[in-house]
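Undergrad: In mature numbering (1 follows the signal peptide of the UniProt record, and there is no 0), the protein residues as written are -17 to -1, 1 to 150.
Each hint can be trusted.
Restricting the straight-line Cα-Cα distance to at most 25 angstroms, the calculated cross-link-like pairs of lysine-lysine (BS3-like) are:
# : residue 1 : residue 2
1 : 99        : 16
2 : 63        : 22
3 : 63        : 42
If you're looking for bench data, these hints aren't it; they were derived computationally from the structure.
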Amino acid sequence: MRHCLALIILIATNALAVESHCSSQERTIFSCKVMNSSKVVSLCASQNLSAESGSLTYKFGKINRIELSYPNNSERSLEKFRYAHYVRYQVDRKQISFTIGAYNYSILDYYEGEQKPSTYRGVLVVDTRVENSETSLLCGPQAISDLTTLDGLVPCDEGNALANCKP
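Can you build the whole structure from these sequences, using the hints too?
TA: Structural data, given as structure tokens:
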């Protein structure tokens, strides 16, 4: 009976596991499976992440088949991202942004206590060459999000209304 219970717990735990592109040598800052898709979005950091060292990488695609990895070089990679965080009663919005060519990417982790569902996570992609060209890749119900870890490590997104940049 105990073995059966342990097996059920193990299966349930694995069923709730969040898929990630981050390796065992990396720390998962954000990861989720895109809703109605087999694609996974992950933001991976080196284990030694600090203001002085470490790296950050965005990875997107199917597991074991990454379609987009940014940046290509881990050197000074933290500087290639921007961080914004806004908080007030019943609202907590965190966002990490970066740009590749004409495309702006924003990893979102929003909590809106008065809305249903209250949590909104995913990636927003905007083609700056085309007006109203936003594509939202929403996360499924299971996600890892630890974006606040990047506060003070990634430059503040001064052009973002959510940002609380300190001079």
